[in-house]
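*Asks:* The chain contents come next:
Protein chains: 4
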Amino acid sequence: MTITEVVQMQGHLIDSGMLSRALDDILGAGADYEIQNLLFGKTKNDESTARIYISHPDQTAMNDLLVRLQNHGVNPVETSDAELVPAPMDGVFPEGFHSSTNFETFVRLDGQWISVQNPEMDCGLVLRDGGVTTVPMSDVEAGEPVVIGFLGVKVVVPPPPRPASESIFEFMNSVVSSEKPQALQVRQIADQMRDCKAAGKRILWVGGPAIVHTGGSPALSALVEAGYVDVLFGGNALATHDIEANMYGTSLGIDLSKGSGVEHGHENHIRAINRVRAHGTIAAAVEAGVITGGLMHALVKADKPFVLVGSVRDDGPLPDVYADVIEGQRAMRAELKDVGFAIMVATMLHAIATGNILPASVPLVCVDINPSTVTKLADRGSAQAQGVVTDIGLFLEQLAFELVGRTS
Amino acid sequence: MTITEVVQMQGHLIDSGMLSRALDDILGAGADYEIQNLLFGKTKNDESTARIYISHPDQTAMNDLLVRLQNHGVNPVETSDAELVPAPMDGVFPEGFHSSTNFETFVRLDGQWISVQNPEMDCGLVLRDGGVTTVPMSDVEAGEPVVIGFLGVKVVVPPPPRPASESIFEFMNSVVSSEKPQALQVRQIADQMRDCKAAGKRILWVGGPAIVHTGGSPALSALVEAGYVDVLFGGNALATHDIEANMYGTSLGIDLSKGSGVEHGHENHIRAINRVRAHGTIAAAVEAGVITGGLMHALVKADKPFVLVGSVRDDGPLPDVYADVIEGQRAMRAELKDVGFAIMVATMLHAIATGNILPASVPLVCVDINPSTVTKLADRGSAQAQGVVTDIGLFLEQLAFELVGRTS
Amino acid sequence: MTITEVVQMQGHLIDSGMLSRALDDILGAGADYEIQNLLFGKTKNDESTARIYISHPDQTAMNDLLVRLQNHGVNPVETSDAELVPAPMDGVFPEGFHSSTNFETFVRLDGQWISVQNPEMDCGLVLRDGGVTTVPMSDVEAGEPVVIGFLGVKVVVPPPPRPASESIFEFMNSVVSSEKPQALQVRQIADQMRDCKAAGKRILWVGGPAIVHTGGSPALSALVEAGYVDVLFGGNALATHDIEANMYGTSLGIDLSKGSGVEHGHENHIRAINRVRAHGTIAAAVEAGVITGGLMHALVKADKPFVLVGSVRDDGPLPDVYADVIEGQRAMRAELKDVGFAIMVATMLHAIATGNILPASVPLVCVDINPSTVTKLADRGSAQAQGVVTDIGLFLEQLAFELVGRTS
Amino acid sequence: MTITEVVQMQGHLIDSGMLSRALDDILGAGADYEIQNLLFGKTKNDESTARIYISHPDQTAMNDLLVRLQNHGVNPVETSDAELVPAPMDGVFPEGFHSSTNFETFVRLDGQWISVQNPEMDCGLVLRDGGVTTVPMSDVEAGEPVVIGFLGVKVVVPPPPRPASESIFEFMNSVVSSEKPQALQVRQIADQMRDCKAAGKRILWVGGPAIVHTGGSPALSALVEAGYVDVLFGGNALATHDIEANMYGTSLGIDLSKGSGVEHGHENHIRAINRVRAHGTIAAAVEAGVITGGLMHALVKADKPFVLVGSVRDDGPLPDVYADVIEGQRAMRAELKDVGFAIMVATMLHAIATGNILPASVPLVCVDINPSTVTKLADRGSAQAQGVVTDIGLFLEQLAFELVGRTS
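Residue numbers (numbering that gives the first Met the number 0), protein chains in the order written: chain F, 0 to 407; chain E, 0 to 407; chain C, 0 to 407; chain V, 0 to 407.
Bound-form chain F, shown alone (with noise of 0.2 Å):
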């Protein structure tokens, strides 16, 4: 069985997004959409109208679709009276009622269709002193009568301020979160991984020194020797906290078996980076048994290509590390060829870096306990990025854990 319905839209629908919103409610719902009739204006001065035919197999999801239209300004051709239903209780609404949005509202009764007063969010709509007005749950008395549904109600939804040179203020669409369920983006993201290497492309890894500090280089390294990373791009703190762990079982003075230390006062990295250096490479240290696990030993054992680029900040550096940014962005480019899929975990810096020089068909997930790390890529150009904020640690342990069972 198929449901159908039709609704309309009327304002500025096109330069002002809210056409766009309206199907991306349509599609998100599950729902299909043929647009039948789409009268646009021409200039910005003039509105749009645009009538929608929607089908869906399911009455519940389209009831809920629906309703979301509604509160989007978006309402259904053929209406009729809004129907009330009593309050079953002081501070009950009926089962069904219409929640109510911040909008200009209007409901119809006896045909005529009466202006909601003092709109305000998830109230309901009462008949009340002869009109209709919002009110709180808390405040509902029994019997009252209450809309139900969304027959009858028509939502008026304003243009939204267009950014012009009165205005300065930027809308804020969405946002990148924290507050989402971090296990299931570990399993899409396994899943992304999987679908790269079936379709023989390469994996390419952006990472900061946060991985180690924070317990995550045993997964990370278990990644690389399955076969998930295929390249890593990151700087000298990077690989130096990842050997200094290895050789002195600290990371930035902290032991990373005990969780305790002092945060300065170490100098273990410095002696972990003079110690490469005494032999030349990363690589001819792990050769030498200088360097016996961690990241950089089981990429250098799997022989898996890395590009470490300074900045100023850096101590040392280890022997691999570009010096010179300009020949480090060269050195980045040449190891772009077949990536398929970029993770970029804990870093700012290599992550724009990278973001930089990367096509936009490449995609590209980006993993910060910073939520400003993601925004801040994105706003530099790499549209495609998406946004995952969580635990570093915890983050490489789960998935690990989906990808080759659990490594700690």
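What the hints contain is simulated information worked out from the structure, not anything from laboratory work. Worth double-checking, as some hints may not be accurate.
Here are the simulated DSS-like pairs of lysine-lysine, each with C-alpha atoms no more than 25 Å apart in a straight line [what the hints assert, rightly or not]:
1. C:Lys43 x C:Lys196
2. F:Lys153 x E:Lys336
3. E:Lys43 x F:Lys41
4. V:Lys196 x C:Lys41
5. V:Lys300 x V:Lys196
6. F:Lys41 x F:Lys196
7. V:Lys336 x C:Lys153
8. C:Lys336 x V:Lys153
9. V:Lys336 x V:Lys300
10. E:Lys41 x F:Lys41
11. F:Lys336 x E:Lys153
12. C:Lys41 x V:Lys300
13. C:Lys43 x V:Lys41
14. E:Lys41 x F:Lys43
Ranges between beta-carbon positions, derived for each pair [what the hints assert, rightly or not]:
15. V:Pro304 x E:Pro304: 23 to 31 Å
16. V:Gln9 x C:Gln35: 18 to 26 Å
17. C:Asp57 x F:Gly404: 34 to 42 Å
18. F:Gly279 x C:Thr78: 48 to 56 Å
Every residue gets a Cβ at the ideal spot worked out from N, C-alpha and C, and that includes glycine.
We have chain F already, so just place chains E, C and V on it with the hints.
*Replies:* Okay, now just chains E, C and V, sitting in the frame of chain F:
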């Protein structure tokens, strides 16, 4: 003089938002448009095509606009072969060079559209080895032919990923940023407040205790006296620290004139509350001369209403504070009449509470040093919220300077 | 075998905290100490001197400790000329090189203490041009004499700036960081919970709605069933989104099994509240089969108490929620009996509220993805608060895995 | 007149930091002290005891100090029975009531020390049901006896948890906060700068591009002209956006005079770089009249040196930028001579890089809207760093106003 140009675009123009973004770019550049032809895809699988006639009085601005549109996949209808100019020096492009995007790009040479290799942002398009390739500025060699301008260049922008069941990641269209010219924002808020008063409407302030901690209380008090605060919503903390500052010169135990002190061990705030409770109301304490200055004093003296609603973390509370939050909501609703502008400063809890009950038709500015307060407000339905990320104390000082002259 | 060493220090040892930091370093390194001589300055203008006898079973650890102490201005009593070893290669220091601090430093050569030029962190001390100077690793030349170890080196640490009337800046001794090995932290919290239960004490949880949004609800419900949640404090939002997730599969309108949906336009939460209000209490709704799973269901079924206290931004609220916050505080106090461990997850408001009423003797862990929640809690007097900055959903999953085996 | 008092303390006074905190409190209150007796525990298992003689000219300040000390477990030697005063009204304590801590507390009645039930912060100590119990302000009843002042009260503070192998959690002693009176901080930084210049020393600035984005460039340029910027360290972005702003009136594509524009699609910055590269150096571009204003122009005109060091994410870069970061470090070191004050504004990368090479003896202020920049700097060894969390544009405007009069 009016410069005109016709551009075309093809793809999922409406449901991807491409068309509305293009119109936004056009209006944002100060140009006018007329949609000449829009063949819209009726279903989600159909592509749309559009031709847009653009006019602008200024040639340079028109060129800038055409470049921007091209970067978004909107290309001129009339084009020609690309113009090539040799690089004047090693590492320098010719003036007017085409700055590349990371999207699939084509360059027309001898009537043929050639695909650009290695799409990368902010490079030049250089004729090299018989093809056209992106070259970073530092790598171009003197004499190499470089594409100039937008003619003969075509950028193909894929539709943005649609949030569908197989993808859980959100797209980031824009963010609230602290990297804005704040002095300008202050001036524009001052204008909105003047307009609100000129229209005979009331200005609603919602504030948190950081107003006091950051030294912004004198500036806000000056705004009360000058008539720019018609009603204030807040909690126990704002009023308590304001009164503490007046009685003891401290806020949370910090000496406001010296900035020194300790965070806890203080107890001035609880003594301040006790003293006001003994008088029964804040107004009574003002009348009794127990409170001699500060924000609450200014409100009482100017006979401006305030609604203080408590929270579970409150000490005391002050006698005017609603301990019952539902009664507090009712008191807030009762003060919304004729509010024509709302400004929320340094409070997430009361900002969201006010957003919940405010009609969408009331312009609303949210000021906080933490961007997440602003985005949370918009997420919770107050889509009209405009965000300003800045320092509270300095913001209030500048606003008072704009509206009533320097106050401190 | 026991290694012993005598160190000395001089200056404002007590009021600057130098002495306590030194003893902290000693104990932190697993060493023992005996203060042999402490001449304390009686007034703020008098310097103190101390000699400390240190013993440790391990020579390497002792050397590390002595280096650390020296970096903090605590120098060995017995010293000698500095040992110099030539750099083995350009850009490489000899093994065991002294890694410099940015404090004033002296090196003893031929019995004379020579001042080191250009104090800079993480450099070598190199004999060059007749003096001793800091040289960065990359600038040392093969054959240059480099100081080894700590003998013959003296570091003079100035007292830290005291917060006085002429300075308003705070000193930062330590911070809450997300850069910690989180898996380890989870295990240690699991141990604390087991110890609490073994001691016959109760575990108090304080939670925010991000528990539900991040998919952590099944894990926490498993902990309820296993007896690791004796009482829960929270607000309307936690219970509402938990019940919404059970009734509709969404949280704030987001489909928890797919991660997709829209932030607003949803109304499931308000319908969920309405339905529970019709039953009178959450427990009644559970008994009536209206709530069939989730955290609140688990608490009701396990007969564990919860206290929900409202806030001014609440919709509804749920019938169990205290609208009067002072009554809510009383209800919370009444549940503190025999609490031996408290954990606060993803809530600032209720965490601070609980911190306000909790004796300092109850260990308290605060878990949040935002470091400022943890620091605010400590600032407001809950000095015993231990902070974990991590992802809520993954944290709860890992904790449940540790305590009751994997749950999702 | 001088008020004197003798207090005593017992416990792990030195290694827990209790003694240094107490002396800190005493000096912070403007009092003098003399340690009369200090029996120090020689080993980590021994307790220490101390008696401290305190003097202060002001009785009220002395009382406040004694209350604060008592809250930290430092109790007067001479005491008496607690004084009890009946509560004057329901919900109101008598003036001077003892405000409780959440530590174990005793009250002396009839010569006996009675343990206080339910230690809780910010309550009164009330004689009820034959014992002494904490009572929240809202719950006290008229006539109930309430403890006044600090005599007859003893607070026992346990040692703070020491970071040992079984605990990985850090203690938070203090934090960098945006909740400070910023106008005051600006004035104090202005004083430090004047003092530095008066002493014939140089002021070092380290800056990030947000100086330009936030509209702070004119203010900083005015400071250059007035002689308060002797040398500037930064990266490619700061200089590029400054020059872009001068050439095109935009910063990252944002029109600085209107605040509107789009985040990407812009290419003014890359054109600005290209134009300067064609002239060979920034100074040459200034001399050629290609750069006519802004920060870099002001530096060139005032003949002040700057060191720009590149990073891997740079476009271009500008011709003056060091692409080799190790050479860049050397150039920075060469400019440290005679620096007497350093200020770092809106940059984490270059701030840490500068902190790495700066002697600890140079006072250093770090200004950022993001608190984590400041704490990261201190974590990495620049313990002298003083943090100011504020808006960059407003900060620079206020600082210029203090030092050279209003500039915009």
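*Asks:* Are the hints correct? Go through all of them and say.
*Replies:* Now the hints, each set against the structure:
no. : hint                            : in the structure
1   : C:Lys43 x C:Lys196              : 48 Å, violated
2   : F:Lys153 x E:Lys336             : 23 Å, holds
3   : E:Lys43 x F:Lys41               : 23 Å, holds
4   : V:Lys196 x C:Lys41              : 36 Å, violated
5   : V:Lys300 x V:Lys196             : 20 Å, holds
6   : F:Lys41 x F:Lys196              : 48 Å, violated
7   : V:Lys336 x C:Lys153             : 23 Å, holds
8   : C:Lys336 x V:Lys153             : 23 Å, holds
9   : V:Lys336 x V:Lys300             : 22 Å, holds
10  : E:Lys41 x F:Lys41               : 19 Å, holds
11  : F:Lys336 x E:Lys153             : 23 Å, holds
12  : C:Lys41 x V:Lys300              : 55 Å, violated
13  : C:Lys43 x V:Lys41               : 23 Å, holds
14  : E:Lys41 x F:Lys43               : 23 Å, holds
15  : V:Pro304 x E:Pro304: 23 to 31 Å : 58 Å, violated
16  : V:Gln9 x C:Gln35: 18 to 26 Å    : 22 Å, holds
17  : C:Asp57 x F:Gly404: 34 to 42 Å  : 37 Å, holds
18  : F:Gly279 x C:Thr78: 48 to 56 Å  : 36 Å, violated
The structure is inconsistent with the numbered hints 1, 4, 6, 12, 15 and 18, although it conforms to all the rest.
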